[in-house]
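Protein chains: 2
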Amino acid sequence: MSAIRIVLCRPSHPGNIGAAARAMKTMGLTDLRLVAPARALAPKDEWMATHGADVLASARTHATLAAAIADCAAAFALSARAREWSPQVLDLRAAAGRAATIDAPVAFVFGNEAAGLTNDELFACQHLVHIPADPENSSLNLAQAVQVVCYELRMARGATVPAMRAEMPATVADLEGLYAHLEEAARESGFMAPGSKLRERWRRLFSRVPGLEREEVNILRGLLKSLTKK
Amino acid sequence: MSAIRIVLCRPSHPGNIGAAARAMKTMGLTDLRLVAPARALAPKDEWMATHGADVLASARTHATLAAAIADCAAAFALSARAREWSPQVLDLRAAAGRAATIDAPVAFVFGNEAAGLTNDELFACQHLVHIPADPENSSLNLAQAVQVVCYELRMARGATVPAMRAEMPATVADLEGLYAHLEEAARESGFMAPGSKLRERWRRLFSRVPGLEREEVNILRGLLKSLTKK
Numbered sequence: 008m009s010a011i012r013i014v015l016c017r018p019s020h021p022g023n024i025g026a027a028a029r030a031m032k033t034m035g036l037t038d039l040r041l042v043a044p045a046r047a048l049a050p051k052d053e054w055m056a057t058h059g060a061d062v063l064a065s066a067r068t069h070a071t072l073a074a075a076i077a078d079c080a081a082a083f084a085l086s087a088r089a090r091e092w093s094p095q096v097l098d099l100r101a102a103a104g105r106a107a108t109i110d111a112p113v114a115f116v117f118g119n120e121a122a123g124l125t126n127d128e129l130f131a132c133q134h135l136v137h138i139p140a141d142p143e144n145s146s147l148n149l150a151q152a153v154q155v156v157c158y159e160l161r162m163a164r165g166a167t168v169p170a171m172r173a174e175m176p177a178t179v180a181d182l183e184g185l186y187a188h189l190e191e192a193a194r195e196s197g198f199m200a201p202g203s204k205l206r207e208r209w210r211r212l213f214s215r216v217p218g219l220e221r222e223e224v225n226i227l228r229g230l231l232k233s234l235t236k237k
Numbered sequence: 008m009s010a011i012r013i014v015l016c017r018p019s020h021p022g023n024i025g026a027a028a029r030a031m032k033t034m035g036l037t038d039l040r041l042v043a044p045a046r047a048l049a050p051k052d053e054w055m056a057t058h059g060a061d062v063l064a065s066a067r068t069h070a071t072l073a074a075a076i077a078d079c080a081a082a083f084a085l086s087a088r089a090r091e092w093s094p095q096v097l098d099l100r101a102a103a104g105r106a107a108t109i110d111a112p113v114a115f116v117f118g119n120e121a122a123g124l125t126n127d128e129l130f131a132c133q134h135l136v137h138i139p140a141d142p143e144n145s146s147l148n149l150a151q152a153v154q155v156v157c158y159e160l161r162m163a164r165g166a167t168v169p170a171m172r173a174e175m176p177a178t179v180a181d182l183e184g185l186y187a188h189l190e191e192a193a194r195e196s197g198f199m200a201p202g203s204k205l206r207e208r209w210r211r212l213f214s215r216v217p218g219l220e221r222e223e224v225n226i227l228r229g230l231l232k233s234l235t236k237k
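Just so you know, the sequences run in chain order P and E.
All residue numbers for the first sequence refer to our numbering, where the first residue is 8 and numbers rise by one.
All residue numbers for the second sequence refer to our numbering, where the first residue is 8 and numbers rise by one.
It is worth saying that the hints were derived from the structure and are not from the lab.
Hints may contain errors.
Said to hold, decoys possible - Interface residues of chain E toward chain P, partial, derived using beta-carbon atoms under 10 Å:
#1 Ala140
#2 Ser145
#3 Met199
What the hints assert, rightly or not - Cut-off 20 Å, straight-line C-alpha distance, at most; resulting in silico cross-link-like pairs (DMTMM-like, lysine to aspartate or glutamate):
#4 P:Lys236 to P:Glu195
#5 P:Lys51 to E:Glu53
#6 P:Lys51 to E:Glu191
#7 P:Lys232 to P:Asp181
#8 P:Lys232 to P:Glu174
#9 E:Lys236 to E:Glu174
#10 E:Lys204 to E:Glu220
#11 P:Lys204 to P:Glu223
#12 E:Lys51 to P:Asp38
#13 E:Lys51 to P:Glu53
All C-beta atoms in this analysis are idealised placements derived from N, C-alpha and C, irrespective of residue type, glycine included.
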């Protein structure tokens with residue numbers, strides 16, 4: 008993820024650079040570049056960066072977009088606006104997948120909050136990337152767009168969430184033991200009428216539980232035993 | 008998307024509710040619920056909502072999480088923290104996929120900015136959802152988490168970006184015409200030495216252009232013609 012650069016062109020609103028730095032940090036990105044920022048960093052940027060303070064502190068500033076991406080193998084321009092003429096258009100997921108195949112620095116480039124990217128900035132990049140959104144309201148807040156992009160970049164590299172504690176899965180024999188126990192309890196208590204579909208119903212129910220655990224089956228059987236004891 | 012509810016439990020920071028409303032609006036979601044908000048809406052919420060002002064204005068407030076999700080078929084709790092005991096853990100993409108299969112209201116539930124969800128709130132939901140993130144810095148800003156979740160929900164429903172203008176694709180015959188033209192120009196100008204691999208090189212280059220257009224081939228041939236005219 009360290010080879011991925013986030014470039015903010017002419018950011019203007021206090022706090023947005025900090026919020027972008029935080030968004031990057033949550034996804035493991037660290038290389039932030041500012042192109043001709045409209046204002047110096049504000050105290051609100053420091054505050055919004057929270058644990059991304061180091062990303063903010065190490066951000067480099069460039070006079071032009073060309074200088075910020077000169078050493079990149081590809082630059083992807085984010086824009087919500089369709090344009091008649093543009094570089095190749097990709098949706099974000101396709102762009103993140105393509106970036107993941109490039110073994111060299113790549114840049115994702117964001118425009119000014121109000122005006123977006125200029126045409127010159129757009130054509131300085133090789134790809135135009137849209138984040139799929141509601142066509143009537145397709146303009147994301149800058150830092151929120153950075154967050155979604157960094158998330159997809161992480162997902163494109165096969166990110167997963169930590170596995171749950173490993174539990175012993177219930178076997179077919181465990182399940183059949185439960186079903187037999189349920190049937191016995193239902194018959195003895197008079198709950199199971201002749202022609203009842205109860206057997207099919209609880210098989211259908213428990214078959215749908217993903218990763219049913221032996222301990223969960225044992226808890227149900229323990230309760231049945233407790234309820235039916237003489 | 009109108010069947011998907013975003014629930015914010017005890018939000019406290021001014022502006023975050025508005026930013027969440029904007030994030031929802033960009034992805035076509037409209038049903039926002041607040042559970043026991045720590046403060047009234049602030050002017051900053053209105054300002055942050057921008058074109059999501061209608062989502063903000065129609066947000067309903069509930070005293071408890073249970074009341075906010077009582078009519079939902081499933082509730083998905085967002086948390087960055089792993090817990091020893093929790094509902095079933097899903098990553099966001101899997102959760103969005105599952106939500107897309109449910110033909111009834113479903114809720115995505117977010118905790119307080121500082122403290123997250125309580126254990127009681129967590130177990131009021133049927134699923135615990137993690138956004139894959141850097142393990143050392145896994146806490147997203149509230150509105151940014153809402154943005155990523157709403158984006159995945161939209162993607163799970165097969166969102167795409169608008170197609171580019173339809174151009175006539177270059178055919179094999181167009182390409183062979185270009186290659187013949189290039190070879191003629193290279194031979195006549197003396198650029199093509201005996202044993203040259205130029206023919207293979209330009210085939211390799213132009214074969215890699217996705218969606219190469221007839222008009223693009225014609226522009227290249229026009230330039231060659233202009234350069235080689237006597």
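Evaluated hints:
1. Ala140: Cβ of Ala140 of chain E sits 5 Å from chain P, so the hint holds.
2. Ser145: Holds - the Cβ of Ser145 of chain E comes within 10 Å of chain P, reaching about 6 Å at its closest.
3. Met199: At 29 Å from the nearest chain P Cβ, Met199 of chain E fails the 10 Å test, so the hint is violated.
4. P:Lys236 to P:Glu195: 11 Å, holds
5. P:Lys51 to E:Glu53: 19 Å, holds
6. P:Lys51 to E:Glu191: With Cα atoms ~63 Å apart, Lys51 of chain P and Glu191 of chain E exceed 20 Å; violated.
7. P:Lys232 to P:Asp181: With a Cα-Cα distance of about 15 Å, the restraint between Lys232 of chain P and Asp181 of chain P holds, given a limit of 20 Å.
8. P:Lys232 to P:Glu174: 23 Å, violated
9. E:Lys236 to E:Glu174: Judged against 20 Å, a Cα distance of about 29 Å means the pair is violated.
10. E:Lys204 to E:Glu220: 25 Å, violated
11. P:Lys204 to P:Glu223: 24 Å, violated
12. E:Lys51 to P:Asp38: Measuring from Cα to Cα gives roughly 30 Å; hence the hint is violated.
13. E:Lys51 to P:Glu53: 19 Å, holds
Hint compliance for this structure: hints 3, 6, 8, 9, 10, 11 and 12 are not met, and every other hint is.
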